[in-house]
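If you want the building blocks of each chain, they are given just below.
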Amino acid sequence: MLEWLTTPLSYTFMQRGLMASLIVGVVCAVIGCYVVLRGMAFLGDALAHAILPGIAIAYLLQGNLMLGALVAAVAVALLIGLFSRQGTIREDTAIGIMFAAALSLGVALISSIRTYAVDLSHILFGNVLGVSPSDLWLAGGLGVFVLIAVAALYKPFLVISFDPVLAATLRWPAELLRHVLLILLALTIVISLQTVGVGLVAAMLVTPAATAYLLTRRLPVMMVISALVGAFSCLVGLYLSYYANIASGSAIVLTATACFLLAFFFAPRRGIIWQRLNNSSGVS
Amino acid sequence: MLPVENRLVLENVSAGYNGQRVLYDLTLQVVHGGQVAVVGPNGAGKSTLFKVLVGLLPLRSGQILIHGQPIGAHTDCVAYVPQRSEVDWRFPVTVTDVVMMGRYNRQGWLRRPDRGDRSACQHALEQMGIANLSRHAIGDLSGGQQQRVFLARALAQEPHILLMDEPFTGVDAATQEATLTLLEQLKAQQVTVLVSTHDLRMAAERFENVLLLNRQLIAYGPAQEVLSPAAIQQAFGGRVLFVGDVAVVDECCPPPEG
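Top line first, the protein sequences correspond to chains A and B.
Under numbering that gives the first Met the number 0, the first residue of the first sequence is numbered 0, with each subsequent residue one higher.
Under numbering that gives the first Met the number 0, the first residue of the second sequence is numbered 0, with each subsequent residue one higher.
Read the hints as simulated data drawn from the structure, not as lab findings.
Hints are supplied without guarantee of correctness; some may be wrong.
If you want the footprint, here are the derived chain A segments under chain B, 3+ residues with CB under 8 Å [what the hints assert, rightly or not]:
{"hint": "1", "region": "146 to 159"}
{"hint": "2", "region": "188 to 195"}
{"hint": "3", "region": "208 to 216"}
Residues of chain B clear of chain A, computed beta-carbon distances all greater than 12 Å [what the hints assert, rightly or not]:
{"hint": "4", "residue": "67"}
{"hint": "5", "residue": "70"}
{"hint": "6", "residue": "101"}
{"hint": "7", "residue": "134"}
{"hint": "8", "residue": "156"}
{"hint": "9", "residue": "162"}
{"hint": "10", "residue": "185"}
Pairwise CB distance ranges, derived in the manner of DEER restraints [to be verified]:
{"hint": "11", "chain 1": "B", "residue 1": "66", "chain 2": "A", "residue 2": "276", "range": "53 to 63 Å"}
{"hint": "12", "chain 1": "B", "residue 1": "57", "chain 2": "A", "residue 2": "272", "range": "43 to 53 Å"}
{"hint": "13", "chain 1": "A", "residue 1": "82", "chain 2": "B", "residue 2": "125", "range": "45 to 55 Å"}
{"hint": "14", "chain 1": "A", "residue 1": "275", "chain 2": "B", "residue 2": "87", "range": "22 to 32 Å"}
{"hint": "15", "chain 1": "A", "residue 1": "78", "chain 2": "B", "residue 2": "125", "range": "25 to 35 Å"}
{"hint": "16", "chain 1": "A", "residue 1": "153", "chain 2": "B", "residue 2": "223", "range": "15 to 25 Å"}
{"hint": "17", "chain 1": "A", "residue 1": "264", "chain 2": "B", "residue 2": "68", "range": "51 to 61 Å"}
{"hint": "18", "chain 1": "A", "residue 1": "271", "chain 2": "B", "residue 2": "131", "range": "41 to 51 Å"}
{"hint": "19", "chain 1": "A", "residue 1": "220", "chain 2": "B", "residue 2": "113", "range": "45 to 55 Å"}
{"hint": "20", "chain 1": "B", "residue 1": "122", "chain 2": "A", "residue 2": "268", "range": "25 to 35 Å"}
Idealized CB from N, CA, C, for every residue including glycine.
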């Protein structure tokens, strides 16, 4: 059994892959709590797709792909904030426009690069076993930065999410804080690219946080449980990927989904089965 | 230094939403520790007035002075108790978490709650009779209990001016009574209170001053003078019916004001 667990780790690429997945699993899960509570799942998905043109341009210029993705994600996050500011158009409409435009631009750029077609699937679905040491350092650094920011801005983020009127009463800069949250989300998505890819980032943002939401009624606890579910999913998913020989991103997301389903049916108080048992015992 | 006047002054205040003006040319003063019922039909600008006072809506013209200083100069003296429909009740926060938010103005972004914060919260919870619920999620409470949580938060804020938006709508009798008891305590503490309500009888019996509003000031002063049939007719228009001495207003619950 122990050997079964340690064998994959004898490869350096597996060690790096595991480290990268754990960072991504935890950071996505923590910031994902705000994504779930503020109803930003669509935004997260859109941001993930919006980084394609950034990657394509970085590739054309032979620069760092992650840096290109980072610039694109922050730019799109700010543009969405700008278009939906003061309620000129609804935020989901602004997201829909930017999402489609950025994705089209990305595909247009990528289609002009013939040799790039092979790598596209890595961007879409992740390639955790191809994590380079410099990728790992960048992901680690950005991940720690995001976690520190979420901890330091706990109160303002809680207030603008739960009670924007209180934020106004306190004269806290709600608009600025909303943008900071968007940028943190963009950073998180960028470091998740390598592990789960553009297509599945949204799941890593939403699924562990939704699982945690079913298990607690306090935000700090929700963040911790969400991080544990995220880390657990990455760990189990990576071993699944190694032994069953399936794509790592899919294996991770499917593990997280299994956690969610367990919580959905069996969570105390909020789970379907628990409620049913409680109701029937109440009647009889 | 000159003693600062503890009162609320509005001078020619106009406000509204994108392109649409809701409040016109409102001028009034609320004395130190005064309690005012803000009465008017739906869409009269009651919520708009409160939103301007907390800084959620900008002024179109005119000025608001709190303690003789323009709005925004103080960050700790106005507390607002929202309407029940304005809160996301599924949010994962406990009763204590919500009440502690009332101390955020003192704590800032980084300082953790100290003993003073905790005792203020505990005191506020006890005052509203919900200390036994402190660890419950707000979503698990009844409507009246939820309202008391937000009243407790306003108390923990130790405000000079307290705004309550429709606190008597859709809550049980016990909560109504708790709210009225609270108003009496606040009076003793000289907290200035503005309460919006569509309950004319409540306004007449429990508040010394009434502000009758319909997008502009219709009448303001002692309840007996303000709530004359003519003034009510003017504020509510065709939606009022006089049966003998009793005015019946054809409105029950406020719709969400746009």
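Hints, verified against the model:
1. Three residues within the 8 Å Cβ limit are the bar, and the region 146 to 159 of chain A against chain B gives 6, so the coverage statement holds.
2. With 0 residues having a Cβ less than 8 Å from any Cβ of chain B, the region 188 to 195 of chain A misses the three-residue criterion, and the hint is violated.
3. With 3 residues having a beta carbon nearer than 8 Å to a beta carbon of chain B, the region 208 to 216 of chain A meets the requirement of three or more and the stated coverage holds.
4. Every beta carbon of chain A lies more than 12 Å from that of residue 67 of chain B, the smallest distance being close to 19 Å; the non-interface claim holds.
5. Non-interface status of residue 70 of chain B relative to chain A is broken: a Cβ of that chain comes within 12 Å, the nearest being about 10 Å off.
6. Not every CB of chain A is more than 12 Å from the CB of residue 101 of chain B (nearest about 9 Å), against its label as outside the interface.
7. Not every Cβ of chain A is farther than 12 Å from the Cβ of residue 134 of chain B; the closest lies at roughly 9 Å, contradicting the non-interface assignment.
8. Look at residue 156 of chain B: its CB is around 9 Å from the nearest CB on chain A, not clear of 12 Å, so calling it non-interface is violated.
9. Residue placement check: residue 162 of chain B does not keep its beta carbon more than 12 Å from all beta carbons of chain A (closest about 9 Å).
10. Distance to chain A confirms residue 185 of chain B as a non-interface residue, since its nearest Cβ pair spans about 17 Å, more than 12 Å.
11. In this structure the hint that residue 66 of chain B and residue 276 of chain A lie 53 to 63 Å apart at CB holds, the actual value being about 57 Å.
12. Between residue 57 of chain B and residue 272 of chain A the beta carbon distance is about 51 Å. The supplied range of 43 to 53 Å therefore holds.
13. For residue 82 of chain A paired with residue 125 of chain B, a C-beta distance near 48 Å keeps the hint of 45 to 55 Å intact.
14. Between residue 275 of chain A and residue 87 of chain B the beta carbon distance is about 26 Å. The supplied range of 22 to 32 Å therefore holds.
15. As the Cβ distance of residue 78 of chain A to residue 125 of chain B is approximately 49 Å, the hint placing it in 25 to 35 Å is violated.
16. Remark: the range hint 15 to 25 Å for residue 153 of chain A to residue 223 of chain B is contradicted by a beta-carbon distance near 50 Å.
17. Under the hint 51 to 61 Å, the C-beta atoms of residue 264 of chain A and residue 68 of chain B, about 57 Å apart, fit the expected range.
18. For the pair residue 271 of chain A and residue 131 of chain B, the supplied restraint of 41 to 51 Å is violated, since their beta-carbon distance comes to about 29 Å.
19. At roughly 22 Å, the beta carbons of residue 220 of chain A and residue 113 of chain B sit outside the given window of 45 to 55 Å.
20. Distance hint for residue 122 of chain B and residue 268 of chain A: a CB-CB separation of about 30 Å, consistent with the stated range 25 to 35 Å.
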